[in-house]
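So you can see what is in the structure, the chains are spelled out below.
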Amino acid sequence: TGGHTTEILRLLSCLSESYSPRHYIFADSDKMSEAKIRSFEQKRSETFSNSQFTLDRIPRSREVRQSWTSSVVTTLYSILYSLPLTYKLKPDLILCNGPGTCVPVCISALLLGLLGIKRAIIVYVESICRVETLSLSGKILYHFSDYFIVQWPDLKKKYPKSVYLGRIV
Amino acid sequence: FRFKDSLAEDLRKADLVISHAGAGSCLETLEEGKPLIVVINEKLMNNHQLELAQQLHRDGHVLCCNCSTLVETLRSMDLSTLKPFPPGQPEKFALFLDKVVGFQ
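Chains as they are written, first to last, in full-length UniProt numbering: chain Z, 1 to 169; chain P, 1 to 104.
I should point out that these hints are in silico values taken from the structure, not numbers from a laboratory. Worth double-checking, as some hints may not be accurate.
[Claimed, not checked] With beta-carbon atoms standing in for the labels, derived distance ranges:
(1) Z/Arg167 - P/Glu72: 23 to 33 Å
(2) Z/Gln66 - P/Cys67: 26 to 36 Å
(3) P/Thr81 - Z/Leu76: 48 to 58 Å
(4) Z/Ser49 - P/Phe103: 16 to 26 Å
(5) Z/Asp92 - P/Leu95: 15 to 25 Å
(6) Z/Asp92 - P/Val71: 49 to 59 Å
[Stated by the list, open to error] With a straight-line cut-off of 20 Å between C-alpha atoms, the simulated SDA-like cross-links for lysine to any residue are:
(7) Z/Lys36 - P/Ser6
(8) P/Lys92 - Z/Val163
(9) Z/Lys156 - P/Val100
(10) P/Lys34 - P/Ser76
(11) P/Lys13 - P/Ile40
(12) P/Lys99 - Z/Glu17
(13) Z/Lys31 - P/Ser6
(14) Z/Lys36 - P/Gly24
(15) Z/Lys158 - P/Leu50
(16) P/Lys92 - Z/Pro153
(17) Z/Lys161 - Z/Phe144
(18) Z/Lys36 - P/Ala8
(19) Z/Lys157 - P/Gln54
(20) P/Lys34 - P/Arg75
(21) Z/Lys161 - P/Phe96
(22) Z/Lys157 - P/Arg58
(23) P/Lys92 - Z/Ser18
(24) P/Lys99 - Z/Leu93
[As the list claims (entries may be wrong)] Which chain Z residues face chain P? A few, computed with CB under 7 Å, are given here:
(25) Gly3
(26) Leu9
(27) Arg10
(28) Cys129
(29) Val131
(30) Ile168
Glycine is no exception: its CB is placed at the ideal position from the N, C-alpha and C atoms.
Just chain P, same shape as in the assembly (with noise of 0.2 Å):
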């Protein structure tokens, strides 16, 4: 996968996805209802993105490993554990910028 324009077409045939943890591919595919394993690769990462991988995984959504724990993972991995990943919801902020700025 040389840069393709978007993975959405593949992601949506998957059924199961592996990914790093980085915010979109993370989301995108729990948006998209796959099962996610999320490998951190803590060289590589800054900081920051741990953060909601280790969130997600906290929250029974996705599976983490490392690289070297990714085989095993695969091999004893149970999905049906993992969490549905509900959608955000953008009409709460609708309807507090509504009451900031006063149209109500």
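Looking at chain Z on its own, in the form it has when it is part of the complex (with noise of 0.2 Å):
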């Protein structure tokens, strides 16, 4: 969503086209991430010429403060959305930063990983708005990331096994 889409497509504008093909995976309500992606991507496609993308829709695993009981519900079916596209794409790398859209997708790479059939590297980046509290979705990930970025020094001091870059977006 939003500022998020934002923010990742900061973080993939110094990327070499070595990370190719990419997959986008946003959430169904979403109305403008797709035109942020396509725009970012033609301007891509200026510069190599051979930039493949694709873009794909999950069901929104929780709304802004939906309760908690809900959220497992509607995470879970969102999990059951995401697994069998996981799967399709098998991808080597995941990068997201932190809308509830990723958790069921890394949850479903993290399923795959354990069942032998694909291990993706999960770098979770936390958002630049996040200066001294993680995210829920960053809570949870903290724990399921391979690497886990957080660009505040504050945050840094709380989950030691974070990394710190710096401002990256």
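Hints in hand, dock the two standalone chains.
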């Protein structure tokens, strides 16, 4: 969604073309991200001729401030949906930055890894908005990601296993 | 401004921006190099939105006030005390990721 998409596209801006094909996954309720992504990829294809990307939508796992119990149900539904998608894409690397949408995808990837089907490296970058506290996605994925990146020093102190590179968006 | 598509044009023309503490608004304004006064409405905001505004204030990039002190702030503000906001460095992320993945 919105800010997350803008941030993730900035993260992608300096990546080489070795990071290809790029598969974007976002919430079905998201109206704006598709346009931003297409615009980004359009500019990219002007520099890199063989640029490849795909777009997929999954059900939104959780609305802002949705209750705990109903969140578990909607997240389970999103996992059921994202499992076949992740299986189909078999990513080598998953890059996510915090919308609830990323949790089912990462859980699906972890399951595929446990089953010996495909092991993906999971890199999570917490939003620049998070200075002192982690988002809910961050709190969950801090324990399940391979690399957890924070953008402010306070978070690095609180979450010692995280990586601090300064502001990267 | 009832839901304009983009405020980018207005932002470029502005001399001073007064905004709520939404991250997108704050960061876009600072990146455009415009002086910013952030008005904090604690009744409306969820706590995590405050974090960024407070940090930006601590670092001297924005002025902060609440609805009732806005006029006073406008009267007594000294915008020259605001520090420029350096851009983020996605190239550092790219370097890190290349190492992680094994592209050197």
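Among the hints numbered above, which are violated by the structure, and what are their numbers in rising order? Result: hints 11 and 26 break, sorted rising.
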